[in-house]
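Participant: Chain by chain, the residues run as shown.
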Amino acid sequence: MERKTVYLNRFGRRLGTREEGARVREILWQVLESLSPGEKLVVNLGGLEVLSGSFADEALAKVVEQLKNGELPDRYLLVKAEEEELLEDLSERLARRGLALFALLKDGWRILGRLPAYLEETLQWIVQHEETTSPELAQALSISVKNASTRLAELQKLRLIELVRESRPVGGIQYRARAVISSKGKD
Amino acid sequence: MPPRKLTVWRINQALSEWEQAFPYPLIDLAACQVIDAFALAFLTLYMRRCIEAGGQPRILLPQREDVLNQLVNMGLFRLLGQKVWTDRPPPEEKLEEASCRALLRVEEEREIGSLVERVSEILESRFPLGKRSINVLTMAMVELLQNILHHANPLGQDIHPYGLAAVEEYSDHIHLVVMDKGVGLRGSLALNPRYRELDESQALEAVLVEGASRFEDPGRGGALRRIREVIQANEGRLFVRSGGVAFWQAEVEWSVGEVHPFPGVQVSVQLPRALFFG
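The listed protein sequences correspond, in order, to chains A and B.
Positions 70 to 256 (the numbering used here) are the ones given, in order, by the first sequence.
Positions 423 to 700 (the numbering used here) are the ones given, in order, by the second sequence.
Calculated from the structure, these hints are not laboratory results.
Mixed in with the good hints there might be a few duds.
In silico DSS-like pairs for lysine-lysine, Cα to Cα no more than 30 Å straight-line [unchecked claim]: (1) A/K226 x A/K137; (2) A/K215 x A/K175; (3) A/K73 x A/K215; (4) A/K175 x B/K516; (5) A/K226 x A/K73; (6) A/K149 x B/K553.
Model the full assembly from the supplied sequences, consistent with the hints where possible.
Facilitator: What follows is the structure in structure tokens.
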């Protein structure tokens, strides 16, 4: 999956106000618009010391919400941080909006915001295996194929996985789910 | 009786005495030996309010030279101009470049970034090992200053919130003060129909404990609750005064009580200095 990276520390080490956040959101959105379907934007938070809740909500959570609402289909957003502590306020704002976002850390990845346990279990499995289909997932998690399909659709809506349409060998179509990150937490 | 100490804990009694002669109070600081940043910022707001009401505050200046210099160098007279009567001419203000103790005015959101950056740089040079604590203080300062601009006069009424901030250093703690004389927490929260019926103490609790906001947008609001939680996690103390009530938190306990009414929101954040050494 191709990617572009924006380093937020170019806007300062301490990012705080909504006004600043709104300006950065516009820039992030322009970069997302420039991506081709299937590509992702990594927002690198390295070098930042403060990321306030207000800034995080305005610059990042609102972008994630727009993506969840179906804008710019097949584009993905992740954040990358050196320190997990920096992500606390962002995670809280995402949770309040009912959103989830991948964060890449030194020692792996975690989900920011709010993700129900059954979706987190599904996502863990997909990341570990890198890709899957509904029947494979159903078998692995001992759930029905319909349930597996629903979970994949929900994760795709949250832009945490990519669903790629493909032809079945015996005729018809199926969707292959691909993790947006690798099992080692690499973007 | 003229106060010997004018601090966040003692300003309430002084206020009730000054109010008896509003808007021409006699503010007797002659015997004052200690004035903290909260009291000084509050005094500035109070005197602004007297002037806006057509009055003229009168000050008996502190006898102690260091206390008088503190009053002057933090910018009290710079902010109030010639509209205050004093029993003798105050000395000239000396600007301390490497200090963030002066009272800072906040009028526009775009000023907040550079102002907070300056305070953080000074704290960083003073406490190179206190990165985490400085970040906590920075976060609190950004959110509180922003709250003034977003909430102190939400309907654009004919009131001047007059946002002020200051940071001061003590032997055992760092003190951040942010305040205004706008509509107050209840005034802001009441714009949300869900909270319209709350009284002042209920509004204070709703904002600080539940994270309530005048905004329906789920991403908005909650900054004061978050600040309270972070202060608690860092063994700090928080005092928030709004209208006729105040909220006080030390360690894991908090309480709400009545105070002499004053418009706006006045916040004191104290973090133990030990944290600043990493």
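Participant: Determine for every hint whether it applies to the structure shown.
Facilitator: Here is what the structure says about each hint:
1. Straight-line distance between C-alpha atoms of A/K226 and A/K137 comes to about 6 Å, which keeps the hinted pair within the 30 Å bound.
2. Between A/K215 and A/K175, the direct Cα distance comes to roughly 36 Å. Violation of the 30 Å bound is thereby established for this hinted pair.
3. The suggested pairing of A/K73 with A/K215 is violated, with an alpha-carbon distance near 35 Å, which exceeds 30 Å.
4. A distance of roughly 48 Å separates the Cα atoms of A/K175 and B/K516; the hinted pair therefore is violated under the 30 Å criterion.
5. Distance restraint check for A/K226 and A/K73: the Cα-Cα separation of roughly 21 Å lies within the 30 Å cut-off, and the hinted pair is therefore satisfied.
6. Our distance criterion of 30 Å between C-alpha atoms is met by A/K149 and B/K553, whose separation comes to about 21 Å.
When held up to the earlier numbered hints, the structure conflicts with 2, 3, 4 and fits the remainder.
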